[in-house]
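Q: Next come the chains, spelled out residue by residue.
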Amino acid sequence: MKITFKVYRFDPQSGKAPYLQDFPVEVTPGMTILDALGEIKAHQDGTLVYRRSCRSGICGSCAMKINGFNRLACETQALLLKQSVIHVEPLPGLKPIKDLAVDMEIFYEALARVKHWLINPDPPPTDKERYQSPEDFKKIEVSTSCILCASCTASCPSFWADKNYLGPAAILKAYRYSFDTRDKGFADRVGALDNKHGLWRCHTIMNCTDCCPKHINPTESICHLRRMTVENKY
Amino acid sequence: MTIHQHEVLIIGAGMAGLRAAIEANKVADVAVLTKIFPTRSHSGAAQGGMAGALGNLDDDNWEFHMFDTVKGSDYLGDQDAIEIMCREAPELVYELEHMGTPFSRTPEGKIAQRRFGGHTLNFGEKPALRANYSADYTGHVVLHCLYDQCVKNSVRFYSEFLVTYLIIKDNVCRGVVAWDIRHGGLHVFHAKAVMFGTGGYGRAWRITTNAFANTGDGLGVALTAGLPLEDMEFVQFHPTGLYKSGILMTEGARGEGGYLKNKDEERFMKRYAPNLMELGPRDLVSRSIQTEIIEGRGAQTPEQKSKGIPGDFVWLDVTHLGEAKLREVLPQIFDLSKNFVGVDPAKAPVPIQPTAHYSMGGIPVNAAGRVVCDAKNTEVRGLYAAGECACMSIHGANRLGCNSTLDATFHGRQTGRTIARDIGNLTYEDLPPEAAQEAQAQIDWYYKATGKENLYDIRGDLQDTMQKNLGIFREAKGLEAQLQILGELKKRFSNISLKDKSQEFNTELQEAIELGNLLSFAETIVVGALARQECRGAHWRTDHPARDDAKWLKHTLAYREEGKIRLDYKPVVITRFQPKERKY
Ligand SMILES: Cc1cc2nc3c(=O)[nH]c(=O)nc-3n(C[C@H](O)[C@H](O)[C@H](O)COP(=O)(O)OP(=O)(O)OC[C@H]3O[C@@H](n4cnc5c(N)ncnc54)[C@H](O)[C@@H]3O)c2cc1C
Ligand code: SF4
Ligand code: SF4
Ligand code: FES
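Just so you know, the sequences run in chain order Z and Y. 1 is the number of the first residue of the first sequence in the working numbering; add one for each residue after it. 1 is the number of the first residue of the second sequence in the working numbering; add one for each residue after it.
Treat the hints as calculated values from the structure; they're not laboratory data. There could be a bad hint or two in this list.
[Stated by the list, open to error] Straight-line C-alpha distance at most 30 Å; calculated DSS-like pairs for lysine-lysine:
#: 1; chain 1: Y; residue 1: Lys501; chain 2: Z; residue 2: Lys95
#: 2; chain 1: Y; residue 1: Lys564; chain 2: Y; residue 2: Lys580
#: 3; chain 1: Y; residue 1: Lys152; chain 2: Z; residue 2: Lys196
#: 4; chain 1: Z; residue 1: Lys65; chain 2: Y; residue 2: Lys501
#: 5; chain 1: Z; residue 1: Lys184; chain 2: Z; residue 2: Lys196
#: 6; chain 1: Y; residue 1: Lys110; chain 2: Z; residue 2: Lys128
#: 7; chain 1: Z; residue 1: Lys6; chain 2: Y; residue 2: Lys110
#: 8; chain 1: Y; residue 1: Lys580; chain 2: Z; residue 2: Lys6
#: 9; chain 1: Y; residue 1: Lys499; chain 2: Y; residue 2: Lys270
#: 10; chain 1: Z; residue 1: Lys139; chain 2: Y; residue 2: Lys338
#: 11; chain 1: Y; residue 1: Lys499; chain 2: Z; residue 2: Lys2
#: 12; chain 1: Z; residue 1: Lys65; chain 2: Z; residue 2: Lys16
#: 13; chain 1: Y; residue 1: Lys270; chain 2: Z; residue 2: Lys6
#: 14; chain 1: Z; residue 1: Lys115; chain 2: Z; residue 2: Lys6
#: 15; chain 1: Y; residue 1: Lys338; chain 2: Z; residue 2: Lys2
#: 16; chain 1: Y; residue 1: Lys270; chain 2: Y; residue 2: Lys325
#: 17; chain 1: Y; residue 1: Lys26; chain 2: Y; residue 2: Lys152
#: 18; chain 1: Z; residue 1: Lys16; chain 2: Y; residue 2: Lys347
#: 19; chain 1: Z; residue 1: Lys95; chain 2: Z; residue 2: Lys16
#: 20; chain 1: Z; residue 1: Lys184; chain 2: Z; residue 2: Lys115
#: 21; chain 1: Y; residue 1: Lys152; chain 2: Z; residue 2: Lys184
#: 22; chain 1: Y; residue 1: Lys338; chain 2: Y; residue 2: Lys551
#: 23; chain 1: Z; residue 1: Lys82; chain 2: Y; residue 2: Lys244
#: 24; chain 1: Y; residue 1: Lys305; chain 2: Y; residue 2: Lys325
#: 25; chain 1: Z; residue 1: Lys2; chain 2: Y; residue 2: Lys244
#: 26; chain 1: Y; residue 1: Lys152; chain 2: Z; residue 2: Lys95
#: 27; chain 1: Y; residue 1: Lys26; chain 2: Z; residue 2: Lys115
#: 28; chain 1: Z; residue 1: Lys16; chain 2: Z; residue 2: Lys6
#: 29; chain 1: Y; residue 1: Lys152; chain 2: Z; residue 2: Lys128
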């Protein structure tokens, strides 16, 4: 089936405003948006720019806005969208660099603000692991599958309005460590969380949860952290 | 050209690169160069686990692990290095846990362990629970944990920098030249020590589990710098790639009790590995699947059935494990099967076929992680390598599942420690002016090229022909044909042109450079495979159908000299386990 891909083109060097370019592609069953972009790049326009690596939904490189929704290009099958026209645009809310590639700098900076590593001043046991019950592992398991694709943060209206807002991905990371029974770092993180660019900026609009390709619910982790923050205070 | 100076340069931010960076950063100024953002590295795709004889659920010990690794390697692995790794693996896994890696847990709260192909108790008696895992996201959580630790320790990253040139003169490494992908332009990185952790080369094949980034750049760059590559003919085909795409379905699916079935729903492994069945080593299981397909017992798609075409895949059946258990221990396979073959693995068997997976060969290093450049193991001063791009050789002719996340992390750490020890005696050596000039001339060539060939078509043709002639079964005729084909592809490559002439974020330029690397090292695979007239591990010659220890119990070294590949050989290190017939 022939599908028209309307692809966002932007090259700051050209001095031209961004525009949508049409690329017709013969789509076969199983073909993903990433496959289609590859076909366009190989045989229609070698100047098209996008990021990708694993092509199996695990590296987090290829998040983009596909028919209005942030998803991974590599795990979205073109035919399953059931449209003869497919819009492909960069993630919103992050600075476009070129075509579908965006500047991820503020996304990574927000992560660093929540100290995304295990904090525990107590020395670990020698020659064995720290114990953790399967139930305690369960509490963080889903959050550890985050691939830092930025779909969530780029879908968040609170982030669009306030670029200093940590955003759902960074807050999820704070949850992943703070709710790990091996971690004692909440006090180190709370400063970044408990302010107007942190937990309280979220209006529980749930866009983030709707688009996460790993079925993670960042909104829920925001609620848990809010409770922890309040409990910590009183 | 901008010149940077860092005492230690680490090329690659997978498990090997990141683990090395943490170590070297304790005593030296370290910079990590990576062509993709660190957490995008393909280590994150590892699903099944990391080997280490913790014995949390059985009476495992490191000597069983060592024996299995040696036997799995078809006795081509170097036993001194294997011994150190297996002995210290439990401590490495504990350390990862202490750093914060989230592992699945036993009811008691210890690290959970599962079975994996070729890993046994008591020297082959029965399967061992040795793979330490986090559901089927093991590589992902280890990679992210190591990245988190690097940020914590303020390791400096240059992300989206593509290394194109290695500066070696008089057998001393002085740094690298890298292309700034984002902004364009070459940068010289002057260093006292350089470590390669650039990963594997599966992208030379059509059906592969490997990421687009796995183009073996480190090998291409090393070959051009005059270094040899070791054991390149040994390439592992994973038994269970999703039909058509080759995307991995973890061996954990069989570790947890999944079956392989042919079109008659027969568990055919009983004819090939009656003892370990589906948990035989990968080379054996892949050959068994391919044999089923060749002999007409492959499963068929409805279309193949209606047209009477023989099937070209088999089934991976995990339905009997039940949805609850699958969701708990193998959550990722749901999305993968659904998104890429449209199957719910809890309800129906998944169509799979063998897929190019792991590169046993690579840049020769000794057990300390220092690069060696000849059969006498002469060290190259200031140059190191670890992980999948290196050949120590831990995996010999065939790697066991779960041994390479261990290898990459363990030798990342070891090599980082070696660098930390060496750094006091290393200095910034002079940069030969011709290095920057040559690197620039390479880039200029791409911008000036005006040929008619399409680089993507050349890449596709390379992948198709490697698939056909350097697959699971090989013979002289196909190998000779492939040598000729590579010559033609190289000629075509010299006649390409880029549509994109811009400097900033020119991914077409990047793909051209990567294709240049693929074409360059592919020749070492073919020449090595043609010369090796025997069957060993993953290298199976139908025209020489037996292992030949008298002639071939040795490592291949492939050099490029005056445009041709020259082979040399070096002995295997055998300490505890003498070569025996390999039966499972
Ligand atoms: C799908 C899949 C599943 C696997 N599952 C398992 C498993 O369950 N257990 C197991 O033990 N092993 C598994 N493996 C193998 C194992 O994951 C890899 O061998 C290992 O992670 C490799 O790590 P690495 O650090 O050497 O390389 P990688 O993680 O591939 O990292 C390579 C790095 O090099 C950088 N790089 C490459 N070229 C350049 C260049 N020119 N310039 C700058 N940077 C460059 C990249 O950006 C990247 O950061 C699996 C492999 C695959 C493909
Ligand atoms: S729930 Fe909160 S974080 Fe998620 S999109 Fe809405 S405002 Fe943003
Ligand atoms: S939470 Fe989900 S959407 Fe957000 S970065 Fe992680 S994987 Fe992507
Ligand atoms: S290419 Fe890795 S997530 Fe899509």
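Q: Hints broken by the structure, by number, lowest first?
A: 2, 7, 8, 9, 13, 14, 18, 22, 24
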